[in-house]
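Number of protein chains: 2
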Amino acid sequence: MLNEKLLEVIAHEGVVSIVTWSGTGAHVVNTWNSYLVIVDDKILIPAAGMRKTQKNIEFNNSVKVTVGSKEVMGHSYMGTGFLIEGKAGFIESGSEFDMMKEKFPFLSRVLEITVESAKQTL
Amino acid sequence: MLNEKLLEVIAHEGVVSIVTWSGTGAHVVNTWNSYLVIVDDKILIPAAGMRKTQKNIEFNNSVKVTVGSKEVMGHSYMGTGFLIEGKAGFIESGSEFDMMKEKFPFLSRVLEITVESAKQTL
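For the record, the sequence lines run as chains F and B. Under the working numbering, the residue at position 69 of the first sequence is numbered 49, and the numbers go up by one with no gaps. Under the working numbering, the residue at position 14 of the second sequence is numbered -6, and the numbers go up by one with no gaps.
No wet-lab data here; the hints were simulated from the structure. We treat Cβ as the ideally placed atom computed from N, Cα and C, and that holds for glycine. Be aware that one or more of the hints could be misleading.
Covered stretches of chain B (in silico footprint by chain F; criterion: 3 or more residues with CB under 8 Å from a CB of chain F, positions within the stretch not fixed) [to be verified]:
| id | region |
| --- | --- |
| 1 | 37 to 47 |
| 2 | 69 to 82 |
| 3 | 86 to 92 |
The list that follows gives simulated cross-link-like pairs (lysine-lysine, PhoX-like), each with its CA atoms no further than 20 Å apart [stated by the list, open to error]:
| id | chain 1 | residue 1 | chain 2 | residue 2 |
| --- | --- | --- | --- | --- |
| 4 | B | Lys99 | B | Lys50 |
| 5 | B | Lys83 | B | Lys22 |
| 6 | F | Lys50 | B | Lys83 |
| 7 | F | Lys83 | B | Lys50 |
| 8 | F | Lys32 | B | Lys99 |
| 9 | F | Lys81 | F | Lys22 |
| 10 | F | Lys(-15) | F | Lys22 |
| 11 | F | Lys(-15) | F | Lys83 |
| 12 | B | Lys(-15) | B | Lys35 |
| 13 | F | Lys99 | B | Lys32 |
| 14 | B | Lys50 | B | Lys(-15) |
| 15 | B | Lys50 | F | Lys50 |
| 16 | F | Lys99 | F | Lys(-15) |
Input sequences plus hints: build the corresponding full structure.
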């Protein structure tokens, strides 16, 4: 699901968007491509703030994530991107938390996204 | 509202996210920093697909846009980003449409966002 092309994208720096929504509308928060850590079919992301994202996820744990790079070949031209859909949760302890905390000392929690689909959009 | 720092960001290439939402959830579509054209307090974006975005906007014309660059200085470190909120519409004719069509021959409509706020998030 998280294929070579996606790994190539996140090897380039860029802005990731993480979209959640509740009854009152959509929320979007950003992180960097270089902050994404892929473990099997999960994406781990360091969270310092992301309080509104966490609140939305307690209401509805569906999440949409976009990531891309103009420096990676797409279907027809240079530049590609992915729309990733999955279920999200925040973790505050355990081995994945410890591994992430070592990489990103600034985090207070880890946003864990279990990927359900990852579509190359371009 | 659309200040120098934001103009500096969009002078660097990167992925823009455009978030809309309706009763059935949030939708996110992407474009490139280099595709944004600023005219006064409006952002013009070439639209080729973006059909779901257009459908959502007919229901609710509020939109959230994120844009950033790791190569532009933020509040404390390299890397900054903006969350832009505004009202959106699609235009299919007129002088702005013609100007955009000349720059981006692939467009079928222009997504016009009237900016209400643009907050530097990092």
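Structure-based check of each hint:
Restraint check on the region 37 to 47 of chain B versus chain F: 4 residues with Cβ-Cβ distances below 8 Å, three needed, restraint holds. Restraint check on the region 69 to 82 of chain B versus chain F: 0 residues with Cβ-Cβ distances below 8 Å, three needed, restraint violated. Counting residues of the region 86 to 92 of chain B whose CB falls under 8 Å from any CB of chain F gives 0; the rule of at least 3 is not met. For the given pair, Lys99(B) sits about 17 Å from Lys50(B) by alpha-carbon distance, which is consistent with the 20 Å threshold.
A threshold of 20 Å between alpha carbons decides the hint, and for Lys83(B) with Lys22(B) the separation of about 17 Å falls inside it, so the pair holds. This hinted pair checks out: Lys50(F) and Lys83(B) have alpha carbons roughly 19 Å apart, not beyond 20 Å. For the hint linking Lys83(F) to Lys50(B), the alpha-carbon distance of about 18 Å falls within 20 Å, and the restraint holds. Distance restraint check for Lys32(F) and Lys99(B): the Cα-Cα separation of roughly 16 Å lies within the 20 Å cut-off, and the hinted pair is therefore satisfied.
Distance check on the hinted pair: Lys81(F) and Lys22(F) sit about 17 Å apart at the alpha-carbon level, within 20 Å; holds. At roughly 16 Å between alpha-carbon atoms, Lys(-15)(F) and Lys22(F) fall within 20 Å of each other, so this suggested pair holds. The hinted pair formed by Lys(-15)(F) and Lys83(F) fails the criterion: a straight-line CA distance of about 23 Å is larger than 20 Å. For the hint linking Lys(-15)(B) to Lys35(B), the alpha-carbon distance of about 32 Å lies beyond 20 Å, and the restraint is violated.
For the hint linking Lys99(F) to Lys32(B), the alpha-carbon distance of about 16 Å falls within 20 Å, and the restraint holds. About 13 Å separates the Cα atoms of Lys50(B) and Lys(-15)(B), which keeps this hinted pair within 20 Å; it holds. Under the criterion of a C-alpha separation no larger than 20 Å, the hint pairing Lys50(B) with Lys50(F) is consistent with the structure, at around 14 Å. Restraint check: the Cα-Cα separation between Lys99(F) and Lys(-15)(F) comes to about 11 Å, which is no more than 20 Å; the hinted pair holds.
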